[in-house]
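Keeping their order, the protein sequence lines are chains A and B.
Taking my numbering, the leading residue of the first sequence gets 1, the next gets one more, and so forth.
Taking my numbering, the leading residue of the second sequence gets 187, the next gets one more, and so forth.
Rather than coming from a laboratory, the hints here were simulated on the basis of the structure.
Take the hints with a grain of salt, since some may be wrong.
[Said to hold, decoys possible] As a list, the in silico SDA-like pairs of lysine to any residue whose alpha-carbon atoms are at most 25 Å apart:
#1 B:Lys434 <-> A:Ser44
#2 B:Lys343 <-> A:Arg27
#3 A:Lys57 <-> B:Arg201
#4 B:Lys434 <-> A:Leu98
#5 A:Lys57 <-> B:Pro207
#6 B:Lys337 <-> A:Lys166
#7 B:Lys343 <-> A:Ala128
#8 A:Lys166 <-> B:Gln195
#9 B:Lys343 <-> A:Lys166
#10 A:Lys166 <-> B:Ala218
#11 B:Lys434 <-> A:Ser124
#12 B:Lys343 <-> A:Lys57
#13 A:Lys19 <-> B:Arg201
#14 B:Lys337 <-> A:Leu127
#15 B:Lys434 <-> A:Glu136
#16 B:Lys434 <-> A:Lys166
[Stated by the list, open to error] The following label-pair restraints were derived from C-beta to C-beta distances:
#17 B:Ala240 <-> A:Gly163: 54 to 60 Å
#18 B:Ala222 <-> A:Gly183: 49 to 55 Å
#19 B:Ala208 <-> A:Ser134: 43 to 49 Å
#20 B:Gly341 <-> A:Gly151: 43 to 49 Å
#21 B:Val338 <-> A:Lys57: 16 to 22 Å
#22 A:Leu62 <-> B:Thr375: 17 to 23 Å
#23 B:Leu243 <-> A:Ile160: 34 to 40 Å
#24 A:Gly183 <-> B:Thr409: 42 to 48 Å
#25 A:Glu152 <-> B:Leu298: 23 to 29 Å
#26 B:His384 <-> A:Glu152: 45 to 51 Å
#27 B:Thr380 <-> A:Ala69: 38 to 44 Å
#28 A:Gly159 <-> B:Gly341: 27 to 33 Å
Idealized CB from N, CA, C, for every residue including glycine.
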Amino acid sequence: MEGRPTDGDLFTRAQRGDKVAYEEIVRRYQEVAFRTAYVITGSSADAEDAAQEGFVKAYRALATFRAGAEPRPWLLRIVANEARNRARSAGRRRQLELRLAERFRPGDAAPSPEAAAVAAEDRSRLLALVNGLSEEDRRVIASRYFLELSGEETAAALGIPQGTVKSRLSRALSRLRARVEEGSGA
Amino acid sequence: MPEITELEQRLDLLREGIEWPATPAMAGRIAARIAAPAPARRPWFRTQWALAAAVVLLAIAALITYTPTRDAIASWINLHTIITRVNQLPTPSPRPSGPLGTRLGLGEPTTLAAAQAKAGWRVLVPASLGQPDEVYFQVDAPAGEVSLVYKVRPGLKVSGETGVAVLITEVSGRVDTNFFGKMLGPDTTIEDVTVNGHRGWWISGAPHEIFFVDANGNFRNETLRLATNTLLIDDNGIVIRIEGDLTKTQALEMAASLS
């Protein structure tokens, strides 16, 4: 087949020692790997180190990648593991602080500048509440909603069994909802 | 639950607005790392002396294997050309409580001028950070050790435990790379850098100790005070280290402005 090779093709080629194919894999995955590591470490320097180290380790471990398996969770597991090690050694001095882009405007046109301002305020309040959650809750919410990871990928990123993701997410959402309601005086 | 669904929708909307730090381009550096051949052998290995050397090495290797001081021997004969990693770094002993200087083992509080008068070298201050908030002088090292404490600076994170954003320590001596292996745990990475023409190393991943040769030629090890990313510079007779929750770029900028 002509055109862009699939991730599976690239992995097969990389497993045969094709370094150019692996570079392409890195290019495809570096953003999600870096952001996942950032969600875990809360530091872009550590996230960069973790992603880089993870990609190097993954290359050396390519032989353990089963043909036909999903490459994204496999890679994210290795990178996230690196990130968790760094987060642990950094201890509690760091905390993830996600921010909103200043010029952010929602996709659908707002009816008026006032309504847009209210919507923006609402979003930054919600994000502040997410930032204020426990590390465990924040990581699972960020993985699912902000990084759009699948269940399998979230499990890989958090280092937990796939069956645990759903319950952890629903507990995190309940706690977030409680805080949203507290804030709105409900 | 309908409320959860609504909340999920709001989280979905939030996604587009999140400002992530820029993803660094890593493909080139990773390609370089995976392309790196096995560590190069020393040129003398190819000479006619190879056999004789091999015999000597074998004897030394036996010695190294069976004596408890193998690290010391390995460093005398400069065998540590490949950086080895330790699986578990020793946990630093807890610091005593009290004022910052005592807690971090920085010595006595002093002024920059007084520290300069006591130190056996010209104390360098990073122009990019300006005058330090606190200065300490430690008499422990042969020619003394000077620490500059920076508490709050725009764009720098302050350590919650110590209230310190950046700690710069200067001591008379030189860096001995043979001992790098001892300070690198499994999660620590080290990278060669150059700062104003001097050799330097960017050590990230919470190293705990550094090793250097002091002004009297003795090997010394010291606990890194903040156990954060550290930039180590060998400035012709002064070992300078910059510790803090810094990016490599931030640390290099500070180092380049030392004068």
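For each hint, the structure was consulted:
no. : hint                              : in the structure
1   : B:Lys434 <-> A:Ser44              : 11 Å, holds
2   : B:Lys343 <-> A:Arg27              : 30 Å, violated
3   : A:Lys57 <-> B:Arg201              : 30 Å, violated
4   : B:Lys434 <-> A:Leu98              : 21 Å, holds
5   : A:Lys57 <-> B:Pro207              : 23 Å, holds
6   : B:Lys337 <-> A:Lys166             : 43 Å, violated
7   : B:Lys343 <-> A:Ala128             : 19 Å, holds
8   : A:Lys166 <-> B:Gln195             : 17 Å, holds
9   : B:Lys343 <-> A:Lys166             : 35 Å, violated
10  : A:Lys166 <-> B:Ala218             : 39 Å, violated
11  : B:Lys434 <-> A:Ser124             : 30 Å, violated
12  : B:Lys343 <-> A:Lys57              : 30 Å, violated
13  : A:Lys19 <-> B:Arg201              : 34 Å, violated
14  : B:Lys337 <-> A:Leu127             : 29 Å, violated
15  : B:Lys434 <-> A:Glu136             : 28 Å, violated
16  : B:Lys434 <-> A:Lys166             : 38 Å, violated
17  : B:Ala240 <-> A:Gly163: 54 to 60 Å : 57 Å, holds
18  : B:Ala222 <-> A:Gly183: 49 to 55 Å : 52 Å, holds
19  : B:Ala208 <-> A:Ser134: 43 to 49 Å : 28 Å, violated
20  : B:Gly341 <-> A:Gly151: 43 to 49 Å : 38 Å, violated
21  : B:Val338 <-> A:Lys57: 16 to 22 Å  : 37 Å, violated
22  : A:Leu62 <-> B:Thr375: 17 to 23 Å  : 21 Å, holds
23  : B:Leu243 <-> A:Ile160: 34 to 40 Å : 49 Å, violated
24  : A:Gly183 <-> B:Thr409: 42 to 48 Å : 44 Å, holds
25  : A:Glu152 <-> B:Leu298: 23 to 29 Å : 57 Å, violated
26  : B:His384 <-> A:Glu152: 45 to 51 Å : 48 Å, holds
27  : B:Thr380 <-> A:Ala69: 38 to 44 Å  : 43 Å, holds
28  : A:Gly159 <-> B:Gly341: 27 to 33 Å : 32 Å, holds
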